[in-house]
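Oh and the sequence shown: position 150 is 130 in this note's numbering, straight run, nothing missing.
To be clear, the hints were calculated from the coordinates, so they are not data collected in a lab. Hints may contain errors.
[Unchecked claim] Below 30 angstroms or equal to it, Euclidean Cα-Cα: the simulated DSSO-like pairs (lysine-lysine) are:
| no. | residue 1 | residue 2 |
| --- | --- | --- |
| 1 | LYS121 | LYS241 |
| 2 | LYS312 | LYS241 |
| 3 | LYS121 | LYS248 |
| 4 | LYS248 | LYS312 |
[Said to hold, decoys possible] Pairwise CB distance ranges, derived in the manner of DEER restraints:
| no. | residue 1 | residue 2 | range |
| --- | --- | --- | --- |
| 5 | HIS151 | ASP54 | 21 to 27 angstroms |
| 6 | PRO305 | SER193 | 39 to 45 angstroms |
| 7 | LEU208 | ALA60 | 50 to 56 angstroms |
Please read all numbers here as calculations on a predicted model, not as lab measurements. Beta carbons are placed, not taken as given, at the ideal position from N, Cα and C, and that holds for glycine.
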Amino acid sequence: HTHTPHTPQDADGREFKPQQNAVLYFIDGCLGQSLRTITEEGAMDLPPEISVLLLSLSAPFLLYAINQLPFLQDPQVILALVVAALTTVFLLANRGMKSAAAPDPLFYVFAVFSFTSVLSLTNALQQDGFIKGFMDVYVGKVEPHLSSAHGILLSYWEGLVHFLLLLLIIHRMSEGSSLSLIGSVWTAVKLLSRPRELSIIPADKLEVLQRRSLLSRPVDLLLTLCLLGNIAFTAFRGFVVLECSLDACFSYIYQYEPYMKDSVGFPKLTMLVFLFYAVPLLWACVLGLLTPGCSWMLDWTLVLAGAVAQAQWTHLGASLHSRTPFTYRIPKDEWSQVMVLNLLSLAVPVLLALRCHIRPAFFLQSQPHTPTTNGRKQR
-19 HTHTPHTPQD ADGREFKPQQ NAVLYFIDGC LGQSLRTITE EGAMDLPPEI SVLLLSLSAP
41 FLLYAINQLP FLQDPQVILA LVVAALTTVF LLANRGMKSA AAPDPLFYVF AVFSFTSVLS
101 LTNALQQDGF IKGFMDVYVG KVEPHLSSAH GILLSYWEGL VHFLLLLLII HRMSEGSSLS
161 LIGSVWTAVK LLSRPRELSI IPADKLEVLQ RRSLLSRPVD LLLTLCLLGN IAFTAFRGFV
221 VLECSLDACF SYIYQYEPYM KDSVGFPKLT MLVFLFYAVP LLWACVLGLL TPGCSWMLDW
281 TLVLAGAVAQ AQWTHLGASL HSRTPFTYRI PKDEWSQVMV LNLLSLAVPV LLALRCHIRP
341 AFFLQSQPHT PTTNGRKQR
């Protein structure tokens, strides 16, 4: 009697290939063992940001397995893998925060976002040809827009800037530090409950500072003029994508930024978001520079700076990327002018946010002075 070794099969009766088994063994041996070591009770405690970083780096292994193994490419199997991966992220994040008395629930949200940020970076690297064999199935069946120039630049932002901000937030959260600056740039400041840390300024000095007119504040005057110019430029580009019949709009989209008429639709949507969301907020910032005591400027200028930076990075980078058809790229003759206009549009909100946080006195709300008699408040 000859013993016939059992060959593993999938649900359709197809035999697994040796290289597929090797992939499974590699994932289980390297990734699985490292995760088990981290989550064991006897293992040494790692800082939360390191635990999240290690688990986030497992994302490419999951993508490679889905891309190489046919039985993992079924939509139901992909859903199960995603749920299992996110559950593992939650469990490992919980293990990393065991030493904390009461971890913020948002910590687990940031841990999951860190995992997806590495997915985005993997996509960007494959689409630009640095790696291969990771994202074909996922992009083809789940998010095909990630193969466009806009999707690639957005993936770079998510995988680099966003990922770094998330790790910094997790680090500061584990230390119990303020999330004011980093959380605002990440545009999550309104979700975070934290005390404000501002310098203490005497009421009489604060009153003197806030009585100064705009003409006596040259930095604020310059920023106001730049904001008005940014509003005009942003509104103009909004009218351009809305196909305004003005000759200036027609000339701009064909001679300066033909990318805005790309059929993928991303640049048009970006300009409309700027028109309907950024323009009103820019106007509000102008009023904030004119009116003392607008404490909301300290938060919303950071939100505006982070949003504009991401959108401008994606828009400008996609208009130069090789995935964009040549006819839609920035013309060489007008390249410097378009770059200067877009970079200025990005720089103005960033400079405004820096001004608000370096010298916040003008935006603080003064407390009403209550006169006293013999050390007691008057009734």
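Hints versus structure:
no., hint, result
1, LYS121 x LYS241, "27 angstroms, holds"
2, LYS312 x LYS241, "18 angstroms, holds"
3, LYS121 x LYS248, "25 angstroms, holds"
4, LYS248 x LYS312, "22 angstroms, holds"
5, HIS151 x ASP54: 21 to 27 angstroms, "38 angstroms, violated"
6, PRO305 x SER193: 39 to 45 angstroms, "51 angstroms, violated"
7, LEU208 x ALA60: 50 to 56 angstroms, "54 angstroms, holds"
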